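Colleague: Chains A and B supply the protein sequences, listed in that same order.
Here the first sequence stands for residues 9 to 518, where the numbers follow our numbering.
Here the second sequence stands for residues 9 to 518, where the numbers follow our numbering.
Among the hints, a few may not be true.
The list treats identical chains as interchangeable, and a pair is accepted whether it falls inside one copy or across any two copies.
Stated by the list, open to error - The calculated EDC-like cross-link candidates involving lysine to aspartate or glutamate, where the alpha carbons are at most 16 Å apart (straight line), are:
{"#": "1", "residue 1": "Lys-432", "residue 2": "Asp-37"}
{"#": "2", "residue 1": "Lys-302", "residue 2": "Glu-85"}
{"#": "3", "residue 1": "Lys-43", "residue 2": "Asp-74"}
{"#": "4", "residue 1": "Lys-164", "residue 2": "Glu-200"}
{"#": "5", "residue 1": "Lys-106", "residue 2": "Glu-344"}
{"#": "6", "residue 1": "Lys-106", "residue 2": "Glu-44"}
Derived by calculation from the structure, the hints in this document are not laboratory data.
Note that the structure is a prediction, hence the values are computed from the model and not measured.
There are 2 protein chains.
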Amino acid sequence: MFESAEIGHKIDKVTWKNTVPQLRTALLDAQYELKEQGRIPVIVLVSGQDGAGKGETINLLYEWMDPRYLSTLAFAEPTDEERERPVMWRYWRALPPKGRIGIFAGSWYSNPIHERIAGTMKQAALDARIDQINRFEQMLVNEGALVLKFWFHLTKAGQKRRLKALEKDPRTAWRVTQWNWDRLKTYDQLQEVAGHVLRMTNSPWAPWIIVEGEDDRYRGLTTGRIILDAIRKRLADADRQATPVAPPLQPNIDGRDVITELDLTKKLTKKQYETQLARWQGRLSELVRDPRFKQRSLICVFEGVDAAGKGGSIRRVATAMDARQYQIVPVAAPTEEERAQPYLWRFWRHVPRTGRVTIFDRSWYGRVLVERIEGYCSEADWLRAYAEINDFEHELAEAGAVIVKFWLQISKEEQLRRFKEREKIDFKRFKITDEDWRNREKWDDYHRAVCDMVDRTSTGTAPWTLVEAEDKAYARVKVLRTICERLAAALETTALPTAATGSKGRKARK
Amino acid sequence: MFESAEIGHKIDKVTWKNTVPQLRTALLDAQYELKEQGRIPVIVLVSGQDGAGKGETINLLYEWMDPRYLSTLAFAEPTDEERERPVMWRYWRALPPKGRIGIFAGSWYSNPIHERIAGTMKQAALDARIDQINRFEQMLVNEGALVLKFWFHLTKAGQKRRLKALEKDPRTAWRVTQWNWDRLKTYDQLQEVAGHVLRMTNSPWAPWIIVEGEDDRYRGLTTGRIILDAIRKRLADADRQATPVAPPLQPNIDGRDVITELDLTKKLTKKQYETQLARWQGRLSELVRDPRFKQRSLICVFEGVDAAGKGGSIRRVATAMDARQYQIVPVAAPTEEERAQPYLWRFWRHVPRTGRVTIFDRSWYGRVLVERIEGYCSEADWLRAYAEINDFEHELAEAGAVIVKFWLQISKEEQLRRFKEREKIDFKRFKITDEDWRNREKWDDYHRAVCDMVDRTSTGTAPWTLVEAEDKAYARVKVLRTICERLAAALETTALPTAATGSKGRKARK
Numbered sequence: 009m010f011e012s013a014e015i016g017h018k019i020d021k022v023t024w025k026n027t028v029p030q031l032r033t034a035l036l037d038a039q040y041e042l043k044e045q046g047r048i049p050v051i052v053l054v055s056g057q058d059g060a061g062k063g064e065t066i067n068l069l070y071e072w073m074d075p076r077y078l079s080t081l082a083f084a085e086p087t088d089e090e091r092e093r094p095v096m097w098r099y100w101r102a103l104p105p106k107g108r109i110g111i112f113a114g115s116w117y118s119n120p121i122h123e124r125i126a127g128t129m130k131q132a133a134l135d136a137r138i139d140q141i142n143r144f145e146q147m148l149v150n151e152g153a154l155v156l157k158f159w160f161h162l163t164k165a166g167q168k169r170r171l172k173a174l175e176k177d178p179r180t181a182w183r184v185t186q187w188n189w190d191r192l193k194t195y196d197q198l199q200e201v202a203g204h205v206l207r208m209t210n211s212p213w214a215p216w217i218i219v220e221g222e223d224d225r226y227r228g229l230t231t232g233r234i235i236l237d238a239i240r241k242r243l244a245d246a247d248r249q250a251t252p253v254a255p256p257l258q259p260n261i262d263g264r265d266v267i268t269e270l271d272l273t274k275k276l277t278k279k280q281y282e283t284q285l286a287r288w289q290g291r292l293s294e295l296v297r298d299p300r301f302k303q304r305s306l307i308c309v310f311e312g313v314d315a316a317g318k319g320g321s322i323r324r325v326a327t328a329m330d331a332r333q334y335q336i337v338p339v340a341a342p343t344e345e346e347r348a349q350p351y352l353w354r355f356w357r358h359v360p361r362t363g364r365v366t367i368f369d370r371s372w373y374g375r376v377l378v379e380r381i382e383g384y385c386s387e388a389d390w391l392r393a394y395a396e397i398n399d400f401e402h403e404l405a406e407a408g409a410v411i412v413k414f415w416l417q418i419s420k421e422e423q424l425r426r427f428k429e430r431e432k433i434d435f436k437r438f439k440i441t442d443e444d445w446r447n448r449e450k451w452d453d454y455h456r457a458v459c460d461m462v463d464r465t466s467t468g469t470a471p472w473t474l475v476e477a478e479d480k481a482y483a484r485v486k487v488l489r490t491i492c493e494r495l496a497a498a499l500e501t502t503a504l505p506t507a508a509t510g511s512k513g514r515k516a517r518k
Numbered sequence: 009m010f011e012s013a014e015i016g017h018k019i020d021k022v023t024w025k026n027t028v029p030q031l032r033t034a035l036l037d038a039q040y041e042l043k044e045q046g047r048i049p050v051i052v053l054v055s056g057q058d059g060a061g062k063g064e065t066i067n068l069l070y071e072w073m074d075p076r077y078l079s080t081l082a083f084a085e086p087t088d089e090e091r092e093r094p095v096m097w098r099y100w101r102a103l104p105p106k107g108r109i110g111i112f113a114g115s116w117y118s119n120p121i122h123e124r125i126a127g128t129m130k131q132a133a134l135d136a137r138i139d140q141i142n143r144f145e146q147m148l149v150n151e152g153a154l155v156l157k158f159w160f161h162l163t164k165a166g167q168k169r170r171l172k173a174l175e176k177d178p179r180t181a182w183r184v185t186q187w188n189w190d191r192l193k194t195y196d197q198l199q200e201v202a203g204h205v206l207r208m209t210n211s212p213w214a215p216w217i218i219v220e221g222e223d224d225r226y227r228g229l230t231t232g233r234i235i236l237d238a239i240r241k242r243l244a245d246a247d248r249q250a251t252p253v254a255p256p257l258q259p260n261i262d263g264r265d266v267i268t269e270l271d272l273t274k275k276l277t278k279k280q281y282e283t284q285l286a287r288w289q290g291r292l293s294e295l296v297r298d299p300r301f302k303q304r305s306l307i308c309v310f311e312g313v314d315a316a317g318k319g320g321s322i323r324r325v326a327t328a329m330d331a332r333q334y335q336i337v338p339v340a341a342p343t344e345e346e347r348a349q350p351y352l353w354r355f356w357r358h359v360p361r362t363g364r365v366t367i368f369d370r371s372w373y374g375r376v377l378v379e380r381i382e383g384y385c386s387e388a389d390w391l392r393a394y395a396e397i398n399d400f401e402h403e404l405a406e407a408g409a410v411i412v413k414f415w416l417q418i419s420k421e422e423q424l425r426r427f428k429e430r431e432k433i434d435f436k437r438f439k440i441t442d443e444d445w446r447n448r449e450k451w452d453d454y455h456r457a458v459c460d461m462v463d464r465t466s467t468g469t470a471p472w473t474l475v476e477a478e479d480k481a482y483a484r485v486k487v488l489r490t491i492c493e494r495l496a497a498a499l500e501t502t503a504l505p506t507a508a509t510g511s512k513g514r515k516a517r518k
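Just chain A, with the same shape it has in the complex (with noise of 0.2 Å):
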């Protein structure tokens, strides 16, 4: 695939002095549309070959575009805060908004490549990690992204020439080091496992575009001008390109489903209560404090009907905790600065370190639940948001989440009872709203949504656990024991961390 790249592609001054100008406007012009319409967020991303003029095309970007809509994102070592969340953390955070151009210097694409060089990573979890990249790659594009992939190529022959004369120029010598000249021997290594990766990772939506990387010239118009068509191309149309999902999810033909199935007359003796209450509050304090758990973290997400007891359910499950380790978040409308990302990015922002805990009240699953039924996301967003989210959560258990769902249900006459109660008592007032009352319109639909959303997103890593929630008693427990159950059982597989090897700890776990 790197044939085009090796012909000795060049550009003479002339025709460079003659077509830049041009080039020039027409970017800004597309730029500034761009972010007039604030509905697309562009992903360039600079990879290729040591010398082959990363640095020059960014900075050439930079002269050419105006810089208050660009922006540079780059990628050293992970910091702690970074190692101690999902490896693709650090860069959902540093995703630009709808209506800018990020710069990618070093990508997801950096790590997976150096390590199988170093031969840190085997190829299966190479290959695993190619498949979550295609997968984000496709969700970043169903979300409206347009995601240019630039890789720049040079032979061998042509890596030494290029070395040698960035030695050569005072202004470019200071960067070429020992490191650079290293990565002369690991030519072929990297030409092999890049070509595996690019190959893997050359999807419809964002394909590779390789670049010849030895003349200035020839590589920076060569990437203006494919940015320029590619911006023009997505402005032109008016709705976003989006990959095709699979129609409807499977009727319910015999009336019964996993809700119907609940048994809502369980209850608890206020006794019985009392007891288990403590018993559990009494674990799961246990639980997180265990030196273990400094390797993990616990994520609760809390679905439920209105008025079913979601947040009663969560203050017994904070109140078993210090304050300092646990953060409730609760879901409401996005802000700004959110709506101008992809609709998992708000929920990403607050992933916790190891070590600590997220309680989400609602959560992302507001997406097949109320985004779907008021139709403010097309059927597509919603349809293929089960898998976006089953990776989303893929990824958190991997970097050592422990995910536990609850969706509480009651019966459509204990809620109006539980509404027309809080009507009543002065200080629960504020929890009966408008909305409230036009949801409860909706039973049905929602009835139908929880039951595709379980059945598409309970995944042995991230089961769906749904509480009978007519006896609040009953409820509380059932949340409390899951979620000790869960977090026991993910302790038990997690070796215990010694003075030195942290991450090594963390390893041992899988």
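Place chain B on chain A using the hints.
Modeller: Same frame as chain A, now just chain B:
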């Protein structure tokens, strides 16, 4: 100052039961109105002796209020991302937005108090920190925040009793460790240091509230009442509470000032420009690769008359560096999340880590330039901004940042020439907007504002460099040279890092 909290306050069960429902309703109402109004962030500091009920009180507040608009901010050991930035950065990023209540479990007081007790912080350093904290809190209050600082107090005997009681109860026993018992031994020291700190930070805008911690009901009820009353009072005030600021700045009676003194005829020949540009770009590229720079950071601020050539200068600076090392932050209108915070918040989020460079294309000086001139903030706001900005830059410098600030000046005639020229050239067209023409009409206002800005914010650690920008070549070289000279001087006083003693190296610099 602890006497009133050593009386042995107690609230009996009946009073508790009779009072709490009303208090809850009122707290919820207040919280709800706070949210609706979206004007006031509430910052609650929960501090005090070990075992004095900090955690219990936070849990109680969670029980009483709507957890959706509460967050608890906890601070463990600083992460490396935090260590590589000013001390206050972690608190800035945790500030609750307007309309929300942020409970700080541990705060900017914790470290200085603990370090003083441990003897790792000298009295003079503590007092400097106290000054800094006072100014920080004053800024918060001036920006509209309600700052409530609770200190839960116990007598020595009371602390012993509390620890024993906690240890006896199986639900709380886990919370009492040897660490807690050790605290008893340092009781007197804590009283002494905390007493000093509390006294010195007992400001009229954010006084300490000392609450006896031994009786749960007394502590809980008192805290709830105080929070309620304070929120209600602030909600009722149409205007923000604000500390008075000095009257306007001194007049210019002889027509001479730092701008009129600039010699705008300064220029370079093309040849001089090329030689000197290459020289200083080369020098800059060396400096940012100096191993000592890993302990410093570079912050460049570009302000200037419209069309004075900020963009061109920034590009010449950027080209000398690796795109992965710097970030250009173009300052435009604040986003929704930024508007919900004190005005400096949106700059704090871009503070670079050590070894990195941030270039601000316009900056926090907007407060005393465009915001002052257009009346986007009150006179009191921009008048106090000078001191707030000096504090901000001082904190940056203390953390190792080299701050280089440029004002680019051209003549009014030259501006007109450039505006017209730009309108003709296609790809620069975007740079001239109606706003630019409007700003031009306010030329004299800006002139005055710039002089005031330089007078009040050109400090030893962060001096302004006024750049004669009539000749672009001259301006660009002066900018590059200034950055190099400032950076070189800073690196000379920076010790080389050794593998083991990164932080010691940084201390040696001071």
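Colleague: Now, for every hint given, state plainly whether the structure supports it.
Modeller: Against the structure, the hints:
Taking the shortest alpha-carbon separations for Lys-432 and Asp-37, only the inter-copy value of 15 Å comes in at or below 16 Å, while the best intra-copy value is 59 Å. Proximity of Lys-302 to Glu-85 under the C-alpha cut-off of 16 Å is restricted to the inter-copy arrangement: shortest distance 14 Å between copies versus 21 Å within a copy. Taking CA atoms no more than 16 Å apart as the test, Lys-43 paired with Asp-74 passes inside one copy only; the shortest distance there is 11 Å, against 38 Å between copies. With identical chains, the CA atoms of Lys-164 and Glu-200 are at most 16 Å apart within one copy only, with a shortest distance of 13 Å there and 70 Å across copies.
In the homo-oligomer, the alpha carbons of Lys-106 and Glu-344 lie at most 16 Å apart both inside one protomer (11 Å) and across protomers (15 Å), since each shortest distance falls under that limit. In this assembly of identical chains, the alpha carbons of Lys-106 and Glu-44 lie at most 16 Å apart only when taken from the same copy (10 Å versus 28 Å across copies).
Hint compliance for this structure: no hint is broken.
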